[in-house]
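J.: All chains, please: the whole structure from these sequences, using the hints.
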Amino acid sequence: MGKRRFGVSIDSKISMEIDKIAKSLNMDRSKIVEMALQNYIAEYEHLSSRHNCKGILIIKNINNVPFDKILEDYRNIIVNYIHSHVENECICVIFVSGDSEHINNLNRHLTTCGCLIHYLPMHKNYPLL
1 MGKRRFGVSI
11 DSKISMEIDK
21 IAKSLNMDRS
31 KIVEMALQNY
41 IAEYEHLSSR
51 HNCKGILIIK
61 NINNVPFDKI
71 LEDYRNIIVN
81 YIHSHVENEC
91 ICVIFVSGDS
101 EHINNLNRHL
111 TTCGCLIHYL
121 PMHKNYPLL
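Mapping of the sequence shown onto the numbering used here: position 110 corresponds to residue 110, and the numbering continues sequentially without gaps.
Just so you know, the hints here were simulated from the structure itself, not pulled from any lab data. Be aware that a few hints might be false.
Claimed, not checked - Within a straight-line C-alpha distance of at most 20 Å, the following computed SDA-like cross-link-like pairs (lysine to any residue) qualify: (1) Lys3 / Ser30; (2) Lys23 / Glu34; (3) Lys60 / Glu87; (4) Lys31 / Lys69; (5) Lys60 / Gly114; (6) Lys13 / Leu37; (7) Lys31 / Ser12; (8) Lys20 / Arg4; (9) Lys20 / Ser9; (10) Lys13 / Met1; (11) Lys13 / Lys23; (12) Lys31 / Lys60; (13) Lys31 / Ile41; (14) Lys31 / Gly7; (15) Lys13 / Ala42; (16) Lys69 / Asn80.
Claimed, not checked - Restraint-style ranges between C-beta atoms, simulated for each label pair: (17) Leu25 / Leu116: 22 to 30 Å; (18) Met1 / Glu101: 31 to 39 Å; (19) Asp73 / Ile10: 16 to 24 Å; (20) Val93 / Ser9: 17 to 25 Å; (21) Asn88 / Met1: 20 to 28 Å.
A virtual CB, placed ideally from N, CA and C, is assigned to each residue, including glycine.
T.: Laid out in structure tokens, this is it:
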């Protein structure tokens with residue numbers, strides 16, 4: 001597939017950050033923006049359609065709220081769970097597999113507890129940086 005050139009206006013701080021990233025990765029700005037857009041599109045498509053999914057939830061429990069009951073409610077999609085304390089912060093990594101709607105519900109429940117969450121889908125169409 002060929003390239004298509006188009007102009008966009010972005011905040012100058014973001015532009016400077018892109019320049020720093022491009023320099024540190026020895027890539028041009030276009031490639032950095034293209035990779036970011038690929039991830040954005042894949043994440044949007046991933047969230048917009050119900051499907052069977054597997055992925056990793058990375059959870060930072062900033063309020064140290066117990067959420068064992070929530071995890072128990074979703075044990076049918078939790079494959080593995082790692083709980084660690086790093087520099088006095090509670091970090092959990094959960095490998096999940098199942099209906100994307102159930103995974104999104106788990107994500108939503110943990111977020112309502114005040115947890116910071118990053119979900120990384122692990123399927124062939126989701127590009128990794």
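J.: Evaluate each hint against the coordinates.
T.: Cross-check of the supplied hints:
Straight-line distance between C-alpha atoms of Lys3 and Ser30 comes to about 10 Å, which keeps the hinted pair within the 20 Å bound. Distance check on the hinted pair: Lys23 and Glu34 sit about 16 Å apart at the alpha-carbon level, within 20 Å; holds. Taking the CA atoms of Lys60 and Glu87, the gap is about 12 Å. The hint holds against a cut of 20 Å. Restraint check for Lys31 and Lys69: not satisfied, since their Cα atoms lie roughly 43 Å apart, outside the 20 Å limit.
Annotation: proposed proximity of Lys60 to Gly114 holds, straight-line Cα distance about 9 Å (limit 20 Å). A threshold of 20 Å between alpha carbons decides the hint, and for Lys13 with Leu37 the separation of about 18 Å falls inside it, so the pair holds. The suggested pairing of Lys31 with Ser12 holds, with an alpha-carbon distance near 18 Å, which does not exceed 20 Å. Pair hint Lys20 plus Arg4 does not hold up; C-alpha atoms about 24 Å apart against a cutoff of 20 Å.
Distance restraint check for Lys20 and Ser9: the Cα-Cα separation of roughly 18 Å lies within the 20 Å cut-off, and the hinted pair is therefore satisfied. The suggested pairing of Lys13 with Met1 is violated, with an alpha-carbon distance near 31 Å, which exceeds 20 Å. Using a Cα cut-off of 20 Å, the hinted pair Lys13 and Lys23 holds, with the two alpha carbons roughly 15 Å apart. For the hint linking Lys31 to Lys60, the alpha-carbon distance of about 30 Å lies beyond 20 Å, and the restraint is violated.
At roughly 15 Å between alpha-carbon atoms, Lys31 and Ile41 fall within 20 Å of each other, so this suggested pair holds. Distance hint between Lys31 and Gly7 is fulfilled; the C-alpha atoms sit about 14 Å from each other, no more than 20 Å. A hinted pair counts as satisfied when its Cα atoms are at most 20 Å apart, and Lys13 with Ala42 does not qualify at roughly 25 Å. Between the alpha carbons of Lys69 and Asn80 the distance comes to roughly 16 Å, so the proposed pair stays at or under 20 Å and holds.
For Leu25 and Leu116, the Cβ-Cβ distance of about 25 Å falls inside the hinted range of 22 to 30 Å, so the restraint holds. Checked against the hint of 31 to 39 Å, the C-beta distance between Met1 and Glu101 comes to roughly 32 Å, which is consistent with it. In this structure the hint that Asp73 and Ile10 lie 16 to 24 Å apart at CB is violated, the actual value being about 41 Å. At roughly 38 Å, the beta carbons of Val93 and Ser9 sit outside the given window of 17 to 25 Å.
Range check, Asn88 to Met1: Cβ separation about 48 Å, and the 20 to 28 Å hint is violated.
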